[in-house]
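Chemist: Residue numbers (my numbering), protein chains in the order written: chain A, 1 to 365; chain B, 1 to 711.
No lab work stands behind these hints: they were computed from the structure.
Treat the hints with care, since some could be wrong.
[To be verified] Only pairs whose alpha carbons sit at most 27 Å apart, straight line, appear in this in silico DSS-like list of lysine-lysine:
(1) K16(B) to K139(A)
(2) K424(B) to K403(B)
(3) K92(B) to K37(A)
(4) K92(B) to K207(A)
(5) K482(B) to K66(B)
(6) K588(B) to K600(B)
(7) K403(B) to K429(B)
(8) K16(B) to K47(B)
(9) K37(A) to K203(A)
(10) K139(A) to K11(B)
(11) K92(B) to K203(A)
(12) K66(B) to K243(B)
(13) K600(B) to K554(B)
(14) K57(B) to K47(B)
(15) K482(B) to K403(B)
(16) K66(B) to K92(B)
(17) K246(A) to K554(B)
(18) K246(A) to K44(A)
(19) K246(A) to K11(B)
(20) K403(B) to K422(B)
(21) K243(B) to K16(B)
Just so it is clear, the structure is predicted and the values come from calculations on it, not from any experiment.
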Amino acid sequence: MQKALGYRDFDWLLLGMVMLLCILSVFEIYSATMHTKYVGFHIKQMYWIGGGLVLMFLLARVDYHRLLDFAYWAYGVCLLSLVAVRLVGTRVMGARRWVRIGPVHFQPSEWVKLVLIVLMAHYFANLGCRRLTWPDIFKAIALVGLPMLLVVAQPDLGTALTYSPILLIGLFLGGIHWRQALLLGTVALVVVVGAWSSGKVVKPYQKARLTSFLNPDADPRGTGYHLRQSLIAVGSGGIWGQGAEKGTQTQGDFLPIPHADFIFAAFSEEHGFVGAFLVLLLYFAILMRLIQNAQTAADISGSLLVMGVVAVLTFQIMVNIGMVIGFMPVTGIPLPLMSYGGSSVLFTFLALGVVMNVRMRRFVN
Amino acid sequence: MTTERVNREEKLPTLKLTLMQYGILLLMLVLVAGLWRLQVLGADSWKVLAEQNRIRKVPILAPRGKLFDREGRLLVDNYPSVSCFLVREQGKSIDTDLPLIARGLDLDLDQLRATLRRYRGSAAYQPIPIKQDITPDEQAFIAAHRNELPELETIDEERRLYPPDGFASHVIGYVGEVSEEMLDDPRYAYYEPGDVVGRAGIEQSYDEILRGQDGSMDVIVDSHGREVGREGIQPAVSGHDLKLTMDIDIQRAAEEALGTANGAIVAMDPRTGEVLALVSHPNFDPNAFAVRIGRAEWSSLITDSNHPLMNKAIQDQLAPGSTFKVIMSVAGLQQGIAQNLKVNCAGGGNFYGHFFHCDHHHGLLSIHEAIPESCDTYFYQLASMLGIDTIAKYAHELGIGVKTGIDLPNEMAGVMPSTEWKMKTYHEKWYAGEVISVGIGQGAVAVTPIQLLRALSGVASDGHMVRPHLVDADQVPADFEKALLDTYPGSGTTEVPLNPDTWMTITDGMAGTTQPGLYHTAEGAHLEGIDFAGKTGTAQVVGGGDTHNRGGAKTPNAWFVGMAPRRNPEIAVVVLQEHGDWGSGSAKLAAQVITAYVNKQRREEHNLATVPGKPAATGQQAANASASGSRMEMAAVWSRPGSSEPGGRVGRRYAGTNRHATDADTALPQLATGRFEIALNHPADPIRSVLPAKVLRQGQSAAAATRAEAR
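Bound conformation, chain A alone:
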């Protein structure tokens, strides 16, 4: 177990596809920020990617079984850090999401994702993935639900929602019976509808943001503004796009945060349907490769780890691109590997590090 593993077993194909996306990301961030106060962010993004790569290689060296053993400890630290954010966090645009340690600001809610992936893998692997009892299910819901509530209270509904696919994939792969799933789904629906209509849990501005995608033209200057600008950007890209650095929506500062949450809209405007399709194809290939890694994993916990990563990435890709093209509400969830942002980049690379870790050890034992 302690023998040094060669990087020959590293998933170089996966890394190649990931790096391709990162390069597209850096170019698009350059193009989208060249006339804004964010000019130069593409350089920063390159540092984050570099840092992410280092973390990925380091994480890949540590046997993932060790990670699983530390799952509960890490979970405890996560809860503490989320409480710390409540108490000492920096308030940015009305929400406490950031903690400052020395010169570095970070968003604990991003790390919680990773820890939850490991925790769920650990939890369901131990249950053997055969038949789940109701107490098993409730325990899993409680484990994910606690940090989720803390993040919702920040308030950061979008990030909180990204925890749910980790739970769902765990339940699905962990062996939930379809009757249990049906019952659970019905209860969840009732709870969500109740929370929605009570008006206390979901704030009115959140409601407005969540529903404006259904009719962005109703209030083009208000909550529908971002969505409308995004649709104009994507739509005016046409088949071939307006060309790099030539998107009028992106360059004219109409598109909100074109280097972060709406980077896919900026990319689609400048590179058209062809460019956007190729990016989607790349994401699809990456996800398929990840699932293949899950299949070839040495044991069930390895598979669960990889599938947790698949679930989070799939969820983020779907929600982000769905938002950009008007299928989903505006939630502020970044597009993995493309959106600018240190926390997001580092999380993604750490998550990939876990996948590499599992892959490198597929022939072990």
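Using the hints provided, position chain B relative to the given structure of chain A.
Modeler: For chain B alone, coordinates are given in the frame of chain A:
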């Protein structure tokens, strides 16, 4: 911990993972379908929206043509101005911004709110004008708050600058926003809501010439409305300048002559119909219209009982009084009756069973005395002999009851009664006795000052009738002139055949009016050395009777139509003073205008000739001729040189050709040639605007500099 590793050897069911793969594939396909819908199927419409997003079509407003007087002196100018608009679509929190906007633009907050409320029903992208003609400070405020107040927009335009104090306001008219009714009229098809259009005077009648063609440009903006570039610039085409027939000097003399009285003065060259001056008092300040007129100002203008917006020179329809006796004389002489008619005036006479008064006991008189003395009894007799339809025939020929066709909007036609007219209007028979009051220009007769001027000066010109106009036809394209004549139809230029006897008798009679003599009605307006002829009128008003209580609403209207010289006059002047009492007073005002004209003519080089007996000056000599004293006046307007002064002229002779000579002898205050230095002693009534003075003080360069900074 050991139990936890039990299951590590097992694997996940492959089925579930395959299911995941298909699930992801399905989701991806949904995203691809969404992209296909937006980028391939809907690309064109989104591209249009993207263009609209970043391109604002901004009009470049064409400056209107300037107006000059007949000598090329500037009468109406433009000045660059910046207006501020509020576009609700561009703002995010308009209501909370309002106090800041009100403070920065020096507006009343409640009024600003009220303005916005009025536009509540209209589309959010429609610009709401909130302040016109903003100062450089206010422009700087808007520029500095581009980010906080993206809803504020400014637009550059050239705005009208009219002479102060309502000078010539009824000639010039004013511009204003195009009205709903005008937009429905095919003649105004060029305009769109919010455009500025000539609403009165020359501004209206020559609008098509003056307006020019607006240009446009596409301003490329970012999401904050900041301009990042311009393209597709179509420059505006300025309107054509117009030279009026009006003479600022004569106009000023007429304005000053009329003073604060209600009424009108028109001076015209009867040889051509060129209007030299046209005054209607009270007047208004057109500058108040150039910046959107306030509601209070507007209502004060339209409810004022003196009707400042009414151009009395062409719209006031009043009984002509004794001035109508000239038309009576034409009818009488042309019919061969008046030549031999002698009437004994005993302070009136009995006609159709009623006694009709005359002002004096004139005794026995013929037509030669009846005109200068304005004997009513004589014309009662003449009227009863001619009958209404004969009088009406001649009156119609001379344009009474018909529009003159002057190139100003809304001219009125007046009324010339006849049996046919009465049947048509009242469905009643004409009573023969009614003709008696028509004989002295009372009864149903109603004329406008311009109409009366054309008629009487036409008679003095041997029946050469003209169409009064303010712009010569050579100033405008032929098809526009034709359309103009269709729009403002009237009697136009005609020849009314007169017997030589008729012409001589009437012109001599009118010349007698201003000559000293018993009962001569305008002897007080006698001008020494000027062949000044005319006819007074003192027209009773309805319900007024014979009362001459000065100032009241029952006081008669005072008329005078004067001309110089008596035959083929160069200038004819009509004066109407509403409730001005005696026509003899109006004659003095006409004399002032005629004097101004004559004094001006005396300074014209071509009115100087070589003194007979001396060798004719040629070449270089001619240039020095006046200085050497070998030239003298030869104009015909002053017919009896040598009667009162050595040199025979009123005032001193003006040497040289400098018509703006600041000679201390001239009775006219001198007109400075600077921009809008035209100033009168009396203010425009009833509103005044401080705008032009303010704008001039701030200076064009300062405003232009600030605009450049703001960009």
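Chemist: None of the hints should be skipped; say for each whether it holds.
Modeler: Hint check results:
1. Of the pairs offered as hints, the one joining K16(B) and K139(A) holds, with about 23 Å between alpha carbons and a cut-off of 27 Å not exceeded.
2. A distance of roughly 19 Å separates the Cα atoms of K424(B) and K403(B); the hinted pair therefore holds under the 27 Å criterion.
3. For the hint linking K92(B) to K37(A), the alpha-carbon distance of about 22 Å falls within 27 Å, and the restraint holds.
4. A threshold of 27 Å between alpha carbons decides the hint, and for K92(B) with K207(A) the separation of about 19 Å falls inside it, so the pair holds.
5. At most 27 Å may separate the alpha-carbon atoms for a hinted pair to count; K482(B) and K66(B) meet this at roughly 22 Å.
6. Between the alpha carbons of K588(B) and K600(B) the distance comes to roughly 18 Å, so the proposed pair stays at or under 27 Å and holds.
7. Restraint check: the Cα-Cα separation between K403(B) and K429(B) comes to about 26 Å, which is no more than 27 Å; the hinted pair holds.
8. The straight-line distance between the Cα atoms of K16(B) and K47(B) is roughly 43 Å, outside the 27 Å bound, and the hint therefore fails.
9. A hinted pair counts as satisfied when its Cα atoms are at most 27 Å apart, and K37(A) with K203(A) does not qualify at roughly 31 Å.
10. A hinted pair counts as satisfied when its Cα atoms are at most 27 Å apart, and K139(A) with K11(B) qualifies at roughly 23 Å.
11. For a cut-off of 27 Å, the pair hint linking K92(B) to K203(A) stands: about 21 Å separates their Cα positions.
12. A hinted pair counts as satisfied when its Cα atoms are at most 27 Å apart, and K66(B) with K243(B) qualifies at roughly 8 Å.
13. Between K600(B) and K554(B) the alpha-carbon distance is near 38 Å, which puts this suggested pair outside the 27 Å criterion.
14. Between K57(B) and K47(B) the alpha-carbon distance is near 16 Å, which keeps this suggested pair within the 27 Å criterion.
15. Proximity of K482(B) to K403(B) is assessed by CA-CA distance (about 17 Å); at most 27 Å being required, the pair is judged to hold.
16. The suggested pairing of K66(B) with K92(B) is violated, with an alpha-carbon distance near 42 Å, which exceeds 27 Å.
17. A distance of roughly 80 Å separates the Cα atoms of K246(A) and K554(B); the hinted pair therefore is violated under the 27 Å criterion.
18. Restraint check: the Cα-Cα separation between K246(A) and K44(A) comes to about 22 Å, which is no more than 27 Å; the hinted pair holds.
19. Between K246(A) and K11(B), the direct Cα distance comes to roughly 50 Å. Violation of the 27 Å bound is thereby established for this hinted pair.
20. Using a Cα cut-off of 27 Å, the hinted pair K403(B) and K422(B) holds, with the two alpha carbons roughly 19 Å apart.
21. Of the supplied pair hints, the one linking K243(B) and K16(B) is violated, its CA atoms being roughly 92 Å apart against a limit of 27 Å.
The structure fails hints 8, 9, 13, 16, 17, 19 and 21 (numbered hints given earlier, in ascending order).
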